[in-house]
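Novice: Read off the chains here:
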Amino acid sequence: MEFSTKKSKCNPNKGLDDSSLRSDGKALSVKRSKEIEKLLKPNLDKAFRELVFDVSSYKKA
Amino acid sequence: MHPPLPKDNANTVEKAIQKVKDDFLENLYVFRNGKQFLRFRGTENSVIPDEKYFIGVEDSIWVHNHPSGSSFSVEDIEMAIYSNISEFYIATENFKYVVKRPKGGWNLDFEKDEVNWLLNKCHSIAKQELDKLVVRNEISILERDKEIFHYIWSYFFQLNGIFYKKIEMQS
Numbered sequence: 000m001e002f003s004t005k006k007s008k009c010n011p012n013k014g015l016d017d018s019s020l021r022s023d024g025k026a027l028s029v030k031r032s033k034e035i036e037k038l039l040k041p042n043l044d045k046a047f048r049e050l051v052f053d054v055s056s057y058k059k060a
Numbered sequence: 000m001h002p003p004l005p006k007d008n009a010n011t012v013e014k015a016i017q018k019v020k021d022d023f024l025e026n027l028y029v030f031r032n033g034k035q036f037l038r039f040r041g042t043e044n045s046v047i048p049d050e051k052y053f054i055g056v057e058d059s060i061w062v063h064n065h066p067s068g069s070s071f072s073v074e075d076i077e078m079a080i081y082s083n084i085s086e087f088y089i090a091t092e093n094f095k096y097v098v099k100r101p102k103g104g105w106n107l108d109f110e111k112d113e114v115n116w117l118l119n120k121c122h123s124i125a126k127q128e129l130d131k132l133v134v135r136n137e138i139s140i141l142e143r144d145k146e147i148f149h150y151i152w153s154y155f156f157q158l159n160g161i162f163y164k165k166i167e168m169q170s
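Which chain is which? The protein sequence lines are A and B, in order. So in numbering that gives the first Met the number 0, spot 28 of the first sequence is number 27, and the numbers just go up one at a time. So in numbering that gives the first Met the number 0, spot 76 of the second sequence is number 75, and the numbers just go up one at a time.
Don't read these hints as lab results, they were simulated from the structure. Since this is a predicted model, take the numbers as computed values, not measurements. We put the CB at the ideal spot given by N, CA and C, even for glycine. Certain hints may be false.
[Claimed, not checked] Label-pair distances were calculated between CB atoms; the ranges are:
hint : chain 1 : residue 1 : chain 2 : residue 2 : range
1    : B       : Leu24     : A       : Ser56     : 38 to 46 Å
2    : B       : Arg135    : A       : Val29     : 18 to 26 Å
3    : A       : Ser56     : B       : Gly33     : 16 to 24 Å
4    : B       : Pro5      : A       : Ala60     : 50 to 58 Å
5    : A       : Lys33     : B       : Gly55     : 47 to 55 Å
6    : A       : Val51     : B       : Gln169    : 28 to 36 Å
7    : B       : Asn32     : A       : Ser55     : 35 to 43 Å
8    : A       : Lys33     : B       : Asn10     : 13 to 21 Å
9    : B       : Gly103    : A       : Glu34     : 19 to 27 Å
10   : A       : Asp53     : B       : Lys6      : 41 to 49 Å
11   : A       : Pro41     : B       : Asp58     : 27 to 35 Å
12   : A       : Ser56     : B       : Phe162    : 25 to 33 Å
13   : B       : Phe162    : A       : Glu34     : 20 to 28 Å
14   : A       : Lys25     : B       : Glu13     : 20 to 28 Å
[Unchecked claim] Within a straight-line C-alpha distance of at most 30 Å, the following computed DSBU-like cross-link-like pairs (lysine-lysine) qualify:
hint : chain 1 : residue 1 : chain 2 : residue 2
15   : B       : Lys165    : A       : Lys30
16   : B       : Lys164    : A       : Lys45
17   : B       : Lys164    : B       : Lys102
18   : B       : Lys14     : B       : Lys102
[Stated by the list, open to error] Among the chain A residues that face chain B by a calculated CB cut under 8 Å, a handful are:
hint : residue
19   : Leu27
20   : Ser32
21   : Asp44
22   : Phe52
23   : Ser55
So here's chain A without its partners, still in its complex pose:
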């Protein structure tokens, strides 16, 4: 969703190009979404801690 008169300021070339994301227009089931969350969970907290460290390093630089 976007205003017709206002283009996104985010540069998709920087890595967040959601226009390239594939979709069949159907939502995942609750069961499947929770399965994916369960599969990810062991790594999510670790990834977040790394992210916090990276943010801290970026702010110091």
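Given chain A, put chain B in place with the hints provided.
Specialist: Relative to the frame of chain A, chain B by itself:
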């Protein structure tokens, strides 16, 4: 560009969420002071309202839907911050996603390098973790692409002290 439509019977935020969650087209409802103020209906993957109708939408609550089941797009969030709204809901078939403006205001400018850097960093990490599941054949690429924005925003909003939640839809 999609013109505003006459108001319908979705006279509360929750009714609007229930009304659009299963729609195969994208919608946007704007609620001002608890009442439906604007309504738009777009295509399967976009709704493009004319900005000229958005006078006085500051502090409003928006309800938008994603037939794909995905969380907010970057454009959704940029538009919400630009319009300085107070709450934003994405309705999908099985979940709703909500983000709320902090008491001190959004305080996010996507033109700033540091905000873009963080957004791209959150994207990289979410993609990296989901890609590990793709490589192990535990999820498909299509499933990764549907779920990735939820994990991007989970990280991004948490780091910015902004309330964001994925809530299972009550039937």
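Novice: Hint by hint, note whether the structure agrees.
Specialist: So, going through the hints one by one against the coordinates:
no.	hint	in the structure
1	Leu24(B) with Ser56(A): 38 to 46 Å	holds, 44 Å
2	Arg135(B) with Val29(A): 18 to 26 Å	holds, 22 Å
3	Ser56(A) with Gly33(B): 16 to 24 Å	violated, 45 Å
4	Pro5(B) with Ala60(A): 50 to 58 Å	holds, 53 Å
5	Lys33(A) with Gly55(B): 47 to 55 Å	violated, 40 Å
6	Val51(A) with Gln169(B): 28 to 36 Å	holds, 34 Å
7	Asn32(B) with Ser55(A): 35 to 43 Å	holds, 41 Å
8	Lys33(A) with Asn10(B): 13 to 21 Å	violated, 32 Å
9	Gly103(B) with Glu34(A): 19 to 27 Å	violated, 37 Å
10	Asp53(A) with Lys6(B): 41 to 49 Å	holds, 46 Å
11	Pro41(A) with Asp58(B): 27 to 35 Å	violated, 40 Å
12	Ser56(A) with Phe162(B): 25 to 33 Å	holds, 26 Å
13	Phe162(B) with Glu34(A): 20 to 28 Å	holds, 26 Å
14	Lys25(A) with Glu13(B): 20 to 28 Å	holds, 24 Å
15	Lys165(B) with Lys30(A)	holds, 14 Å
16	Lys164(B) with Lys45(A)	holds, 20 Å
17	Lys164(B) with Lys102(B)	holds, 17 Å
18	Lys14(B) with Lys102(B)	holds, 26 Å
19	Leu27	holds, 5 Å
20	Ser32	holds, 7 Å
21	Asp44	violated, 11 Å
22	Phe52	violated, 11 Å
23	Ser55	violated, 11 Å
Hints 3, 5, 8, 9, 11, 21, 22 and 23 from the list above are not met by this structure, while the remaining hints are.
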